[in-house]
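**Q** Line by line, the protein sequences give chains A and B.
Counting with the numbering used here, you get residues 1 to 287 for the letters of the first sequence.
Counting with the numbering used here, you get residues 288 to 441 for the letters of the second sequence.
Calculated from the structure, these hints are not laboratory results.
Check before you lean on any hint, since a few could be wrong.
Claimed, not checked - Taking CB as the label site, the calculated pair distances span:
| no. | chain 1 | residue 1 | chain 2 | residue 2 | range |
| --- | --- | --- | --- | --- | --- |
| 1 | B | Lys388 | A | Arg143 | 30 to 40 Å |
| 2 | B | Tyr397 | A | Met179 | 52 to 62 Å |
| 3 | B | Arg301 | A | Asp142 | 32 to 42 Å |
Quick reminder that beta carbons are idealized off the backbone N, C-alpha and C, glycines included.
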Amino acid sequence: MPSVRDLKRRIRSVQNTGKVTNAMSLIAASKMRHAQGAVLQGRPFASKIQEIIADLAAQPRDEDSAMHPLLQVREVKRIGVLTLTPDRGLCGGLASNLNRRVAQFILAQTSPVRLIVVGRKGRDFMVRYGQDVNAVFTDLGDRPTLADTTAISGLLSDAYTNGELDEVYLAYTRFVSTMNQEPAVDRLLPVTPAALTSAQRVGYIYEPDALTVLGSLLPRFVEMEVYHALLEAIASEQSARMVAMRNATDNSKSLVGDLTLDMNKLRQNTITNELLDLVGGQVAMEG
Amino acid sequence: MPTIHLEIITAERRVFADDVDIVVAPGMEGQLGILPRHAPLMTALQPGEIMYRKNGEPTYLAVTGGFMEVMGDRVTILADAAERSDEIDEARALAAVERAKQQLSRRDSYLQLQEASVAMRRAQARLHVAQRRRSRTTGMGPGSGGAPGGGAGH
Chain A
1 MPSVRDLKRR IRSVQNTGKV TNAMSLIAAS KMRHAQGAVL QGRPFASKIQ
51 EIIADLAAQP RDEDSAMHPL LQVREVKRIG VLTLTPDRGL CGGLASNLNR
101 RVAQFILAQT SPVRLIVVGR KGRDFMVRYG QDVNAVFTDL GDRPTLADTT
151 AISGLLSDAY TNGELDEVYL AYTRFVSTMN QEPAVDRLLP VTPAALTSAQ
201 RVGYIYEPDA LTVLGSLLPR FVEMEVYHAL LEAIASEQSA RMVAMRNATD
251 NSKSLVGDLT LDMNKLRQNT ITNELLDLVG GQVAMEG
Chain B
288 MPTIHLEIIT AERRVFADDV DIVVAPGMEG QLGILPRHAP LMTALQPGEI
338 MYRKNGEPTY LAVTGGFMEV MGDRVTILAD AAERSDEIDE ARALAAVERA
388 KQQLSRRDSY LQLQEASVAM RRAQARLHVA QRRRSRTTGM GPGSGGAPGG
438 GAGH
């Protein structure tokens with residue numbers, strides 16, 4: 001049976017935890033706003049570059065001219081997966097949902113899977129389960145620039161081009177809304193251009209020529225895809241953290257309420273008992 | 288007078304969007320001037336300067352490479368990086384030119400020379416744009432052609 005003093009101490013401790021989680025949820029909210037803005041700002045570039053690649057891929061091509069290496073579809077012997085996970089926890093089930101999704105994906109493959117991991121949460125998980133982790137990137141921060149991710153996308157493009165990997169997938173948490181984020185595994189390489197109907201074809205004049213433009217466009221497309229996925233992953237992480245921390249703050253408030261009620265009951269009980277004792281003693285003396 | 292809608296976007300943000308009279312960009316095969324009703328065109332860009340004129344007033348931006356798409360009366364520039372003149376630190380640009388010059392004079396491997404010469408062109412483009420702003424502000428008083436705000440700082 002806890003004493004009033006125990007309860008008081010407990011209440012104070014829960015209150016302090018509540019203050020911390022409240023601050024964390026506010027910080028996550030502000031980071032989330034920034035990350036969402038970054039995702040939106042990158043969207044026009046992403047859709048434009050996809051349009052152009054689709055148009056380029058629909059260009060008539062001579063049979064003998066080689067296809068760009070990033071478009072070549074090969075027999076799959078080795079698969080690469082880039083997984084974008086958070087560095088820090090306290091964001092609900094986000095990291096474990098993604099890790100579970102990637103693990104399912106790996107189990108479903110018949111060819112060996114090699115991993116490139118961004119974030120501590122993914123690294124710890126994959127290393128613990130003895131997966132083939134090829135490279136790890138951590139501490140990219142909350143506001144990565146395109147330049148921060150070019151090392152990662154370059155690594156993937158190179159591995160694909162020189163035949164180390166025959167397919168590359170991108171695993172990240174897609175940002176659906178503030179309340180809802182879902183783990184996703186998308187194919188990054190080979191690049192699959194969207195199919196165009198003939199009405200959508202523009203028929204540009206290409207300068208110097210279509211193949212050269214495509215050749216310099218594709219690596220940028222891969223860079224952009226990786227960067228964009230990272231931005232989405234960060235937006236998801238911060239929203240999940242904000243929601244988790246807000247729930248924690250609410251829980252701490254209701255816990256404080258319950259504990260205060262208990263404490264008051266206990267105090268009243270003590271007082272009543274003391275009064276009973278006093279009155280009982282009086283009656284005994286008079287009697 | 289017909290205008291063209293110019294949009295300059297990078298993977299990180301939209302740098303510029305407005306209706307302008309003419310756009311001049313550094314294409315792979317030389318400077319390209321785009322006027323309204325240009326044929327559909329898609330070209331890679333070199334590091335250099337983009338110039339656009341609005342109401343007779345020219346404005347310059349530094350671009351480090353990318354693509355330009357012309358379609359109907361819309362021009363879209365997908366830039367690796369683009370900076371307005373007020374975002375460029377002239378001293379840093381100058382230092383970058385010097386650094387590139389040194390690297391070029393060292394005569395390392397072919398690849399490094401290539402890299403250095405690209406870096407050189409990028410730095411020179413920045414420097415030119417920055418210097419244009421200075422000559423303009425001293426000539427016409429401060430605040431001329433003020434570029435639209437909202438540039439996210441790095």
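**Q** Does each hint fit the structure? Answer for all of them.
**A** Each hint, compared with the structure:
1. Lys388(B) with Arg143(A): 30 to 40 Å: 33 Å, holds
2. Tyr397(B) with Met179(A): 52 to 62 Å: Between Tyr397(B) and Met179(A), where Cβ atoms are some 55 Å apart, the hint holds.
3. Arg301(B) with Asp142(A): 32 to 42 Å: 21 Å, violated
Comparing the model with each numbered hint stated earlier shows that hint 3 is the single one that does not hold.
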